[in-house]
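Protein chains in written order, with our numbering: chain A, 1 to 221; chain B, 1 to 221.
One thing to keep in mind: the hints can contain errors.
As the list makes no split between identical chains, a pair holds if one copy fits it or if it spans any two.
Result set (DSBU-like, lysine-lysine): computed pairs, CA atoms no more than 30 Å apart in a straight line [what the hints assert, rightly or not]: (1) Lys94 with Lys129; (2) Lys94 with Lys138; (3) Lys6 with Lys138; (4) Lys6 with Lys129; (5) Lys94 with Lys153; (6) Lys129 with Lys176; (7) Lys94 with Lys176; (8) Lys6 with Lys153; (9) Lys176 with Lys6.
Worth flagging that the hints you see were computed from the coordinates, not collected in a lab.
Number of protein chains: 2
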Amino acid sequence: LDGAFKINIDHHHSNSPYADINWIDPAAPAVGEMVFDLRHALGIRPTPEIAENLYCAIASDTGSFQFSNTTPRALAAATELARLGANPTGVAEKLYFNNSPEKILLLGRVLTTLTMNGRGTIAIISMFKSDTEALRLKEVDTEDMTTLARSIKGVEMVMFFKEMAPETFRVSLRSKGNANAALVAEHFGGGGHIHASGFTVYGPYERLIREIPATVEGLLD
Amino acid sequence: LDGAFKINIDHHHSNSPYADINWIDPAAPAVGEMVFDLRHALGIRPTPEIAENLYCAIASDTGSFQFSNTTPRALAAATELARLGANPTGVAEKLYFNNSPEKILLLGRVLTTLTMNGRGTIAIISMFKSDTEALRLKEVDTEDMTTLARSIKGVEMVMFFKEMAPETFRVSLRSKGNANAALVAEHFGGGGHIHASGFTVYGPYERLIREIPATVEGLLD
């Protein structure tokens, strides 16, 4: 791509303007919605196929119209894209009804490890190498596991311990509201965004699972 | 309510017109969308609170804009309701981020029981009295457990075995596409709709879990 003329369209604040044209709008609910707006300027009427792809981008970026970027603007774009031929059910099928049986079994195993801190603000779940090996899974999308743990009433932060090697755990943090996952990760030598971050810890699982959430509880105060 | 003047607004085909005024529109994506349309005729501008309740009804009826009733009409109503002050994130929080830790643990246990038929068209999950008793759960909403099993690629039908008493299982069926859950339930003396039905079976779990799905596989052909 080095020699090509590049256009960078994004709605993430953190985007670095690397291209020849950079259009970064953190106020936009989704990239799909930005590209959809662009069609006006270009005088293009999206085909049903293009409409479906843009609808998919919006549905995916808004977590199926559940995240805080589900603005009237995002919903209006989705409405027009459905009128132009996008199939909301087809998109949902592709995005959310595409799991393997092994992934659902793994989800079950991970959720049975759930523990909570005393106040009910931190949910802790864990995944072990023995789980993924028994199910012959290599790369797993674990995002909906944290989403389910985050769906517990009162939870401000999810800590997801993933065993990478003996006594080595990658901890993913997902937070809601004001709970700052980036600050917590930095405390443990990691990094990330306010609502999504991560760090690595070493030691026996039983000790980590007791000590780390206690420290995080203090940091959240 | 016996002496009162009754208005019945529904979008279910099966609704029996019991009221003084009956407005049943099976083509409507959601009741919330019908009530929303009614405001035009009545010349009412919904308050933000009314808008939020109607938005909630639409989001809930369409499974957060994932079911086949997610029409342009439903999305357009959602857009205008968001403009009138409905908060999509707040609604999603109340609908989907309201679980107890016990329910998530139960979800985990249930999902670890997953088995599939050889063809991968039937997903079988089970819940035992010992699970609900250990977690001190009485009434549990199990709908999202079947939704997760249904999210497996290629699955046409989910069979959810729920132990009601020793050797007594209530089997909930949830199907996709053309797979007729009502017909299967009727075969076993139960009943329901094409995509949601149920029946009761008696006998030792190990035998039921082997024989019933085999019979269902034959019925699906």
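Each hint tested on the structure:
1. Taking the shortest Cα distances, lysine 94 and lysine 129 sit within 30 Å of each other inside one copy (28 Å), while across copies they are farther apart (35 Å).
2. Taking the shortest Cα distances, lysine 94 and lysine 138 sit within 30 Å of each other inside one copy (21 Å), while across copies they are farther apart (35 Å).
3. Proximity of lysine 6 and lysine 138 under a CA criterion of 30 Å is satisfied in neither setting, with 34 Å inside one chain copy and 58 Å between copies.
4. Taking the closest pair of Cα atoms, lysine 6 and lysine 129 never come within 30 Å of each other, the shortest separation being 41 Å inside a single copy and 60 Å across copies.
5. Taking the shortest Cα distances, lysine 94 and lysine 153 sit within 30 Å of each other both inside one copy (28 Å) and across copies (9 Å).
6. Taking the shortest alpha-carbon separations for lysine 129 and lysine 176, only the intra-copy value of 28 Å comes in at or below 30 Å, while the best inter-copy value is 34 Å.
7. Taking the shortest Cα distances, lysine 94 and lysine 176 sit within 30 Å of each other both inside one copy (27 Å) and across copies (14 Å).
8. Taking the shortest alpha-carbon separations for lysine 6 and lysine 153, neither the intra-copy value of 44 Å nor the inter-copy value of 37 Å comes in at or below 30 Å.
9. Taking the shortest alpha-carbon separations for lysine 176 and lysine 6, neither the intra-copy value of 35 Å nor the inter-copy value of 43 Å comes in at or below 30 Å.
The earlier numbered hints that this structure contradicts are 3, 4, 8, 9.
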